[in-house]
Every structure is written in C-alpha cells, then in structure tokens.
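**Q** Protein sequence lines correspond, in order, to chains A and B. In terms of our numbering, the first sequence has 23 at position 23, counting the first letter as 1, and numbering is strictly consecutive. In terms of our numbering, the second sequence has 1121 at position 121, counting the first letter as 1, and numbering is strictly consecutive.
No lab work stands behind these hints, which were simulated from the structure alone. Predicted model, so just to flag it, every value in this text is computed and none were measured. By construction, the Cβ of each residue, glycine as well, lies at the ideal position given by its N, Cα and C atoms. Do not take every clue at face value.
[Unchecked claim] When the alpha-carbon atoms are kept at most 30 Å apart in a straight line, the in silico DSSO-like pairs for lysine-lysine are as follows:
1) B:LYS1028 <-> A:LYS153
2) A:LYS141 <-> A:LYS153
3) B:LYS1101 <-> B:LYS1028
4) A:LYS194 <-> A:LYS153
5) A:LYS153 <-> B:LYS1075
6) B:LYS1174 <-> B:LYS1075
7) A:LYS222 <-> A:LYS141
8) A:LYS162 <-> A:LYS119
9) B:LYS1075 <-> A:LYS141
10) B:LYS1098 <-> B:LYS1055
11) B:LYS1101 <-> B:LYS1055
12) B:LYS1075 <-> B:LYS1098
13) A:LYS162 <-> A:LYS222
14) A:LYS119 <-> B:LYS1101
15) B:LYS1101 <-> A:LYS153
[To be verified] Simulated restraints on C-beta separations:
16) A:ALA130 <-> B:ASN1140: 28 to 34 Å
17) B:GLY1189 <-> A:ALA130: 38 to 44 Å
18) B:PRO1078 <-> A:LYS141: 49 to 55 Å
19) B:ARG1186 <-> A:ASN158: 31 to 37 Å
20) B:GLY1056 <-> A:ALA108: 20 to 26 Å
[Said to hold, decoys possible] Per the computed footprint, the stretches of chain A lying under chain B, defined by three or more beta-carbons under 8 Å from a beta-carbon of chain B, are:
21) 158-170
22) 234-247
Each chain, written out:
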Amino acid sequence: MTNEHPYREEDFELYALGVLEGDELRRIETHMNSCADCSQKIAEARGRIALLAFSAEPAEPSLEVRQRLMARIRAEADPARATVTERTERAPSSFWNFAWGTLALALAIFAVYLWNSNKVLQQELDRQEAAMKTQVALTEKERAIVALFSSPKTVTVNLAAKAPNATEPGRVVYNAQQGALVYVGTLPQLAADKSYELWVIPQTGNPIPAGVFSAEPSGEAKVVLPNIPAGISPKAFAVTIEPAGGGATPTGPFAQVGATP
Amino acid sequence: MSSAPGTEQKNAAQDQSDWSLLARVVQKDESALAALYDRYSGLVYAEASRILRDKGAAEEILQDIFYQVWRTAEKFDPQRGSLPGWLIVVTRNRAISKLRKRSTSGDDELNENAVACPFNLESAASQNQLLGRVRGAMENLPEGQREAIELAYFEGMTHSEIASKTGEALGTVKTRIRSALEVLRRAVGFTNAGGIA
C-alpha cells in the first residue's frame, strides 16, 4: 500500500462524507496520520461537507431544552449545601441556647427571603419564557419566508383586479413543495360585515381557502404563510369578497384573480 | 434583587464573536453559553431532527453537545477550526451513531479533528443566506444525485450501502455523489482548489 497524497479535493470530501470503505478508506487514513498538509485539507473538506446540514428543514427545539441545559450547568456549579446536623447531648448552657436560638431565627428570616426571591425569579422566568416563545415563533416564520423566496421552484402569479370590486392588482408568491404562500395586494376596505378571502384553485376539485383578511386604510392587504397543504399544483389564485369571517367555499364576487403561468 | 439576567447583557453577548463567547464560557459565564446556544441550537437541532426523525432524541443530542461545550471550551483552538463547523460535524456523528446503533468513533473532542469552515455563521442573516443557497442547489440536483448524497450525509451510508439500498451499480453511486458534490461546491462558491470563488 503506497503512502501517496490523495490527488483530488473530492477524495478529502468523500472521506469527510464517510462514504469510503475498505482499501480506499484505509489508504487515506494511513496517509493522514503522517501528513499535516492532508490533515488540514481534511479539516477544510469537513467544513465543506458540513454545509450539507443546511439542506435539512429548518426546525427549532422546544424552550425546555434550553432551560434544562442551563439548570444542568447551574446544578453543577452549586456547592453542596451544608446539612444541619443534630446537636449531640451535652449539658445545656445559656450561651449555647442563645446562639442556637439566634441562628434558628436568622435561618427562618433567610428562608422567607429566599422564598420571596424565588417567587420574583419565577415571575421573571415566566416573562422571559413568553418573550422567547414569541422570538422563536418569529424566527421560524422568518426562516420559512427565506426558504419560500430563495427556492428556484417558487412561482409568482399576478392577480388582475376585477372592477368594480378592486382596481389594483395583487400578487401571490407560492411554492407547492413547501406548501408556502405569501399574498400582497391593494384593495378597498370593506364594510364591517364583509371580509376578503384568498383561494388556491387546484387543477381539479374545490377551491382551497388560504386565508381571510382585510385591507388597511392605505389599501395594503397581505396574507403571509397561511396554513395550506403542500403538494398542490394550482391552476389559479383568487381573492373573493365573503361574509365576515370567510367560509369553506367561495360564495362572493371576485376582487382579484390570476392563472398560474 | 436586580432584574437579572438583563436585556442589555443578553444583547451584548449576541454581538460578540464565537471566540469571545467561548473565552467567557471558559470562565464559566452562563450568559455566554446561552448566547452560543441561541446562535446555533436551531442549526444543531434541525440536523439532528433530520437524521433521527425523533424530536426527543434530537433534543437530547442538542443538550449534550452544548453541555460538552460548557465543560471543555478551553480545549477549542480558534486557529484550528470553526465552532459551528464542529457543532455540525459532532451532531452528525452522534445522530448517525444513535441511528445506526453503533458507538461513536471518538471524533468529538473539541481540539481534535478540526473543522475549517470558510463562512461566518455568527449571524442569523448569514445562516439564512447559506441555507437558501444550499437548499436551492439540492432542489436542483437530479433525483438520483440528491438521493445518494442525502443517504450518505443524513444516514451515514457508504458507497456500497447506498448501492444496495437504491439498487444502483456501485460505479453509478460513486459518480452521482461526485457530481452532487461538484454542484454543491459551485453553488456555495468554492473553487476546485477548495477556496472561495
């Protein structure tokens, strides 16, 4: 078996990927043990292969994991608490009675102080947990929006206005594989008993509701990542005017509609 | 009692580099570990979840890895490697070991088997940018190449194991993986010499 340098960058990547076996694997491992240059190239190959981790679906752990981790390291740092041992029998003295009495009183006061501090800490923990939940939710949504806009399989569909219900167009950005959708448009505000509703119109079957919304006083209207099933190949998208709260099927007139390219 | 840990202290930690935070972790600064966790837990958890398809098992690996960072931060040499690179590699090693029910190969020490990653992953923006590029490249791979590289990376399979699972010839599997790696190299801007284009 020769101890030659692997001659292609991909050899280092294949090693880092873990697909090599048998003689191929032994050859490169034997060589690496004695070659600093190649050890560095392996480190660089590991870095390139590690990028494959980014192809995993974005996901966030539960908040409890962070809490358990921090509790674990704090438990490790706390010194063992001294235990109160029982006094052995001995002739009582007024000095020791006073000393123990004072200590007992001090401990009682300290216990009340700790209880109160713990309550304050718990309230602070609850407040921060709520804030972190909001932040995690925002992060997940941000990641989903990035994934939608960066995918080459995402399509954009322009929705034409349908007068007299609308005079401005709208636009849908949609990815069938991700089941992700963003709608933006300009629409007139409706009466209080009416709502706009967005629909995904599949090739076959009934229109799929994709969000009930209203327009801002400025006319701005949007729907961001509604809960729709993935894998649908739509033939069109539409916005209709429905009774307030929307419905499972469209009943009202079109405000905007557009066919997929 | 002051309102600990304090928003200002938290924000200051988030602006610090990995090396600065690791140096504080060596001093047993909990907020520094928390900042590193907040920075990279999503990445670690997403990878472990993809490999194990088990939320509880993925969370266990996540906690154990960051606990190891806490215990052995002093062993990490910034001259030799990247912390997020190490986190990704160790997550993969442990998750695949758990998936395939085999013992770890011992590649988990912070100062050994370094991982040199040329990208700065310290901000969510840079992570999201890389995520978009890698996912876009993977989606554009031919089905056979994508399947082969995913079996290799996320299930820890060798060439012959992939050939056996997919029913393809060994040579075909090797060619597909090489081709997929070439595409990914170009997608993230690496030159053939391993540098950044």
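**Q** Does B:LYS1098 pair with B:LYS1055 here, judged by a C-alpha cut-off of 30 Å?
**A** Given that 30 Å is the threshold and the Cα spacing comes to 13 Å, the pair holds.
**Q** For the pair B:PRO1078 and A:LYS141, does the Cβ-Cβ distance stay inside 49 to 55 Å?
**A** 33 Å, violated
**Q** Hey, B:LYS1028 versus A:LYS153, does the alpha-carbon distance stay inside 30 Å?
**A** 46 Å, violated
**Q** Does A:LYS153 sit within 30 Å of B:LYS1101, going by the straight-line distance between their CA atoms?
**A** Answer violated: B:LYS1101 to A:LYS153 is near 37 Å, above 30 Å.
**Q** Would the pair B:LYS1101 and B:LYS1055 pass a check requiring their Cα atoms to be no farther apart than 30 Å?
**A** 17 Å, holds
**Q** Is B:LYS1075 within 30 Å of A:LYS141, Cα to Cα?
**A** Given pair B:LYS1075, A:LYS141 is violated - Cα atoms ~36 Å apart, limit 30 Å.
**Q** When you take the CB atoms of B:GLY1056 and A:ALA108, is the distance between them in 20 to 26 Å?
**A** Given a distance of about 42 Å, which is not inside 20 to 26 Å, the answer is violated.
**Q** Can you tell me whether the CB distance of A:ALA130 to B:ASN1140 sits inside 28 to 34 Å?
**A** 41 Å, violated
**Q** Go check the segment 158-170 of chain A versus chain B for me, would you? Three or more residues, Cβ under 8 Å, otherwise it fails.
**A** violated (count 0)
**Q** The segment 234-247 of chain A covered by chain B? Criterion: 3 or more residues, Cβ-Cβ distance below 8 Å.
**A** violated (count 0)
**Q** Should the hint that B:GLY1189 and A:ALA130 are 38 to 44 Å apart at their CB atoms be regarded as holding?
**A** The hinted range 38 to 44 Å holds for B:GLY1189 and A:ALA130, with Cβ atoms some 40 Å apart.
**Q** Run the distance test for A:LYS141 versus A:LYS153: straight-line Cα separation, threshold 30 Å.
**A** 19 Å, holds
When the structure is compared with the earlier hints, violations turn up for hints 1, 3, 4, 5, 6, 8, 9, 14, 15, 16, 18, 20, 21 and 22 and for no others.
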